[in-house]
Each structure stands twice: as structure tokens, then as C-alpha cells.
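Q: Okay, here's what each chain looks like letter by letter:
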Amino acid sequence: MSKKLYIARSPRIAARMLGEEMLVMSGQGSTLFTLNPTATVLWRAADGATPLEEIVGRRICTEFEVQPEEALRDAEALAEDLANHGILLISEEPISGQPTTQEANSKPDAPVQVTR
Amino acid sequence: MSALLREMGERALQLGVPFSAQLDLTYRCNEQCVHCYLDHDDHGEMTTAEIKRLLKEMAEAGVFILTFSGGEIFLRKDFFEILECARSLTFCIKLKTNAVLIREAQAARLRDLVVESIQISIYSHRPEVHDAITKVPGSLRRSIDAIRFLKSQGLKVILANVLMTENMQDYHGVRALADELGAEYTLDPTITPKMDGDRSILDLNAGETALRHLFRDELLVGNADEFCAPPPVRQEHDGQAHSAESMDSLPCSAGHTACYVSPYGEFYPCVQFPLSCGNVRQQRFIDIWRNSEQLKEVRSIRLRDMSSCSQCAHGSTCTRCPGLAFMEGNMRGPSTADCEKSHARTGIPSANLLAKKESRSMPRLVQIQIVPAITGSRLSGIAAHQSL
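Each protein sequence line maps, in turn, to chains A and B.
With the first sequence counted from 1, adding 49 to any position gets you this note's numbering.
With the second sequence counted from 1, adding 1064 to any position gets you this note's numbering.
Just chain A, with the same shape it has in the complex (with noise of 0.2 Å):
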């Protein structure tokens, strides 16, 4: 992918941090999931306004120390992942009016705790 993507969380979701993990349920189907680290960084950060490629830079590659080209392939390919599964939308434009749903039992400033 060589365009700009903007990433924002569904609004069709349940979800809720776990400990030190975020448990997704997709308005399709019911079907339950919990996200790994990298997944839960992506999606805290998918607020539809923000590029992708931002995200990587800002978020990925700080917290997982790897290069960024490896890692906007690694993100895009999760992105489109959450997506399949309901829990992302993905757009070449900013996603207007998203996210619709607050992250209730997270401190957003608060800096992710993530292990490789």
C-alpha cells in the first residue's frame, strides 16, 4: 500500500482493557477477541484523524524498537486484519465523527506497557 490509510476503531465493538490486555468483541457475530500488544497500541491510537504511517512512527516503532518501513507493512497488515474482523475501519480519508466510543478504563496519556 503506498497511500496515505487512516485507521479508526468501530464503533460496533465491546471492549474493555483486561489487566494488561484489551478484550474486543465485534458486532459481528459476537465473536471475542483479545488483542496482543501491537494490536492494542493500533487500536488505542485509530482515532480516524491520525495517518497510519503517524501511528507507526510515533507509537510502533518507539515501543517495539523496530524500523519503520518493517513496521507500517507489519501495521498495515493488522490494520486490514482488525478490519476483516469488524474491529478497525480503514480509510484513504480522514474518518469523520470517529471514534463514536471512549476507552473507559484507560488512561489515554498514560504510556502503553508493551512487551516483544
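It is worth saying that the hints were derived from the structure and are not from the lab.
Treat the hints loosely; a few may be bogus.
Computed list of chain A residues with no C-beta within reach of chain B, every gap over 10 Å [stated by the list, open to error]: (1) Arg61; (2) Arg65; (3) Glu70; (4) Leu72; (5) Phe113; (6) Asp123; (7) Ser145.
Pair by pair, the computed Cβ-Cβ distance ranges are [to be verified]: (8) A:Glu69 x B:Thr1112: 32 to 42 Å; (9) A:Ser145 x B:Ser1307: 54 to 64 Å; (10) A:Ser145 x B:Lys1120: 16 to 26 Å; (11) B:Ser1216 x A:Ser145: 23 to 33 Å.
SDA-like, lysine to any residue: derived pairs with alpha carbons at most 20 Å apart [unchecked claim]: (12) B:Lys1141 x B:Glu1095; (13) B:Lys1220 x A:Ser79; (14) B:Lys1120 x B:Ile1350; (15) A:Lys52 x A:Glu114; (16) B:Lys1120 x A:Leu67; (17) B:Lys1116 x B:Lys1421; (18) B:Lys1215 x A:Gly76; (19) B:Lys1215 x A:Glu129; (20) A:Lys52 x A:Ala98; (21) B:Lys1158 x A:Thr111; (22) B:Lys1220 x A:Leu81; (23) B:Lys1141 x B:Lys1158; (24) B:Lys1158 x A:Lys53; (25) B:Lys1220 x A:Arg61; (26) B:Lys1220 x A:Ala98; (27) B:Lys1421 x B:Gln1375; (28) B:Lys1215 x A:Ser79; (29) B:Lys1158 x A:Ser79; (30) A:Lys53 x A:Leu81; (31) B:Lys1116 x A:Pro60; (32) B:Lys1158 x A:Thr80; (33) B:Lys1215 x B:Glu1248; (34) B:Lys1199 x B:Val1098; (35) B:Lys1120 x A:Glu118; (36) B:Lys1220 x B:Arg1206.
Note that the structure is a prediction, hence the values are computed from the model and not measured.
For glycine and all other residues, C-beta sits at the position ideal for the given N, C-alpha and C.
With chain A fixed as given, assemble chain B onto it according to the hints.
A: What follows is chain B alone, placed relative to chain A:
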């Protein structure tokens, strides 16, 4: 329940998180079911603002599965406003309703608000039986119409079939109705006492013979011989009826990962466990969850602490409800309704039932007519015997 959901429940237990909660929005109801345990008068329900604040506190505390129930939830004029708030806080939302007030428009809104499931009380496939239980003519027709509206929106519907003397013969019909409507089916053969302690409605409970037939119905239980197998006899000779692991097991999730809040803000371990632990109007939800002495006591109870159940053959396989035990007078004691189910299922009486039988067969004490010459201490002695 999926394996992942079970695993998350176990994780929540380790972390001390209230993973699931039921919030009754009102006790008012548009049906007057013969077996209902509630007082339907409004004694001061929480306002919209109070409920929204509570929902935020619940989300912050980690509640994931949130069940809205009642009373009839659609009698609250602010119901959809509350539901929108819950949606924005990313709960997994379940509803319990009689569905009488759900038409096409309401069904579409429930779809838009991504409700996970809607559980609807259906007592019989026959209007004359269902409507006699709800005391509302035409209620079965309205509920079935609502189920069709909900299904046409792609929503998950569960028919909840509470069984009692009035409808014991109709569960096959309700199950067939669920199949026809594309709904799931769940059955509960337990009538519980009223929340104020009134036990008169327990007479509606299906008797032992009916339960025995129910538990041997392979359409419901699968392999009946397996389902009705006697509890395993422990071989070890350490004087304990159950393994150490079983003796340390938890009775159920009430107060451990689950809780209940009434329309008046009262906080209980479970809807069926009327032990008040605080009120969310006076305290934060998380403070009650973490600090309530009542909840701490509930959490401390293990099978080994239950004098009767720990010695009972059914102890580690029984569906004992601690809330029903509490309503019988002792949260560490047996729940007779569950003893009766274990007995009906396996043919083996529980320790509690045996003790009750034994006490009934003891020679009755002769009541002594009190004469004026008897002293106060003697009077006490007689009174004690009479109460045996």
C-alpha cells in the same frame, strides 16, 4: 460460553475485576407474572444522570458484560438515552425484557446500538397458558411479534422459559417456537422467593417428579445417564468427602466477578442474593466493589466452610446458589431448591435433605401446658424444646 470468555472470567477473578454486572433500571412492569419476586412499585428509581454516572464508574472499574433488566426496561422513557450512553462506553450489552413494547422502530434502534443479545421471557407457546402467567391478555402475541422484528434486524434473541407448575408441560412447545423464530432457548426450573423474603410463590415450583422427567429429557440434557449420574465417590481416606481442590472452590461468580445494582442504587453480589453491600448513590461503584465488608465475607466462603455441603455427596457437583442459601437464612448453608434438583437428577438425597427427613421423623415433643407455679428458667427450657 466460549473458552476465551471463560478464560477472561478467570483472569478477571485473579485481577479482582467486576467483569459482569446486571443493572435493573426499574422494578415497574407491564406484566404481573404470578411467580415474580419483585415489588413493582416505584420507590425512587435512579435518575438518568445518576445512571449515566454509574455507567461511567462501572466502565472505569472494568465491567465488560452489562445486562439491563427489570421490571420492564422499556417502561423507562430514557431507556434509549441510557443505552446510547452504555454503547459509547463500549460495554457488551445484553437486555432482558418481555418485549411487549418492542416494535419495528425499537428493534432497528437496538440493532444500531449493537446490543449483543435480547433475552425474552416466554412461558408457553399457548396463549392461554402464557397470558395466564403474565396476567396480560395478548401478551404472547405481542412478544412473538417483537421477536420477529428483532430477528428481522439480525439480532440475537434468547427465549427464557421459566418453568413452574402452570407451564411444566409446555417446554417442548416453547423450544419448537424458538426454533421456528430462529431464536436460542434457555430453561430455568427454579422459582425464587420474593426479595422481601416472602416464600409463598415457592409453591409454584415444579415438584420432584416433574423435575426428574425434565432431567431425563435427552433433547434438553444430551446423554441422560451421564447427566443424571450419581456424584463420584471419593476413594481417599482423609476423612473428607471432597478433594482439597474442590473444598477450596468458589460457589459461583456472585461478588467475585459479578454484581447487581437495583433501580434504587443498592449494590448486591447478585440479583438473587439480597445482601446489601452499599449504595451507588452514596459511594463510588469501585469503592463498594473493593471495600464492602459484605462482599469480602461473600468472597471468603469456600466449600470447606459449609458445614452441610462440605459433607454432602453432591458438594462438588451441586448447582448450589449462595443467594438462595442466604435467603434460607445462612449464606454458608445449603440451598434446598438446589438440593431438590440434585436429588431429582441423581436419585441421591443431599445431606441437607437427609437431615430434614431425620428431624421430621424424630418423636414430636409434647407441648406442656404452662402452669403458674413454673419458674422463669423452666419456662425458657420449655420454649426452647417447643422451637425444636
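Q: Give a verdict on every hint.
A: Hint by hint, here is what the structure shows:
1. Arg61: The claim breaks: A:Arg61 does not keep its Cβ more than 10 Å from every Cβ of chain B (closest is about 5 Å).
2. Arg65: A:Arg65 not clear of chain B: closest Cβ-Cβ about 4 Å, inside 10 Å.
3. Glu70: Violated, because the least Cβ-Cβ distance between A:Glu70 and chain B comes to about 7 Å, which does not exceed 10 Å.
4. Leu72: For A:Leu72, whose nearest Cβ neighbour in chain B is about 6 Å away, the distance does not exceed 10 Å, so it is violated.
5. Phe113: About 24 Å separates A:Phe113 from the closest Cβ of chain B, which puts it past 10 Å; holds.
6. Asp123: At about 24 Å from chain B, A:Asp123 clears the 10 Å cut-off, so the statement holds.
7. Ser145: 17 Å, holds
8. A:Glu69 x B:Thr1112: 32 to 42 Å: Holds - the Cβ-Cβ distance for A:Glu69 and B:Thr1112, about 35 Å, lies within 32 to 42 Å.
9. A:Ser145 x B:Ser1307: 54 to 64 Å: 59 Å, holds
10. A:Ser145 x B:Lys1120: 16 to 26 Å: 25 Å, holds
11. B:Ser1216 x A:Ser145: 23 to 33 Å: 30 Å, holds
12. B:Lys1141 x B:Glu1095: 17 Å, holds
13. B:Lys1220 x A:Ser79: 9 Å, holds
14. B:Lys1120 x B:Ile1350: Holds. B:Lys1120 to B:Ile1350 sits at ~11 Å (cutoff 20 Å).
15. A:Lys52 x A:Glu114: 24 Å, violated
16. B:Lys1120 x A:Leu67: 16 Å, holds
17. B:Lys1116 x B:Lys1421: Not satisfied, since the Cα-Cα distance of roughly 51 Å exceeds 20 Å.
18. B:Lys1215 x A:Gly76: 15 Å, holds
19. B:Lys1215 x A:Glu129: 30 Å, violated
20. A:Lys52 x A:Ala98: 15 Å, holds
21. B:Lys1158 x A:Thr111: 39 Å, violated
22. B:Lys1220 x A:Leu81: 15 Å, holds
23. B:Lys1141 x B:Lys1158: 18 Å, holds
24. B:Lys1158 x A:Lys53: Answer violated: B:Lys1158 to A:Lys53 is near 38 Å, above 20 Å.
25. B:Lys1220 x A:Arg61: 15 Å, holds
26. B:Lys1220 x A:Ala98: 33 Å, violated
27. B:Lys1421 x B:Gln1375: Holds - the C-alpha atoms of B:Gln1375 and B:Lys1421 are around 16 Å apart, at most 20 Å.
28. B:Lys1215 x A:Ser79: Holds - the C-alpha atoms of A:Ser79 and B:Lys1215 are around 15 Å apart, at most 20 Å.
29. B:Lys1158 x A:Ser79: Within the cut-off at roughly 11 Å; holds.
30. A:Lys53 x A:Leu81: It is violated: about 29 Å lies between the C-alpha atoms, which goes past 20 Å.
31. B:Lys1116 x A:Pro60: 19 Å, holds
32. B:Lys1158 x A:Thr80: The given pair, whose Cα atoms are some 15 Å apart, holds under the 20 Å limit.
33. B:Lys1215 x B:Glu1248: Distance of about 11 Å is within 20 Å: holds.
34. B:Lys1199 x B:Val1098: 8 Å, holds
35. B:Lys1120 x A:Glu118: 39 Å, violated
36. B:Lys1220 x B:Arg1206: 18 Å, holds
When held up to the earlier numbered hints, the structure conflicts with 1, 2, 3, 4, 15, 17, 19, 21, 24, 26, 30, 35 and fits the remainder.
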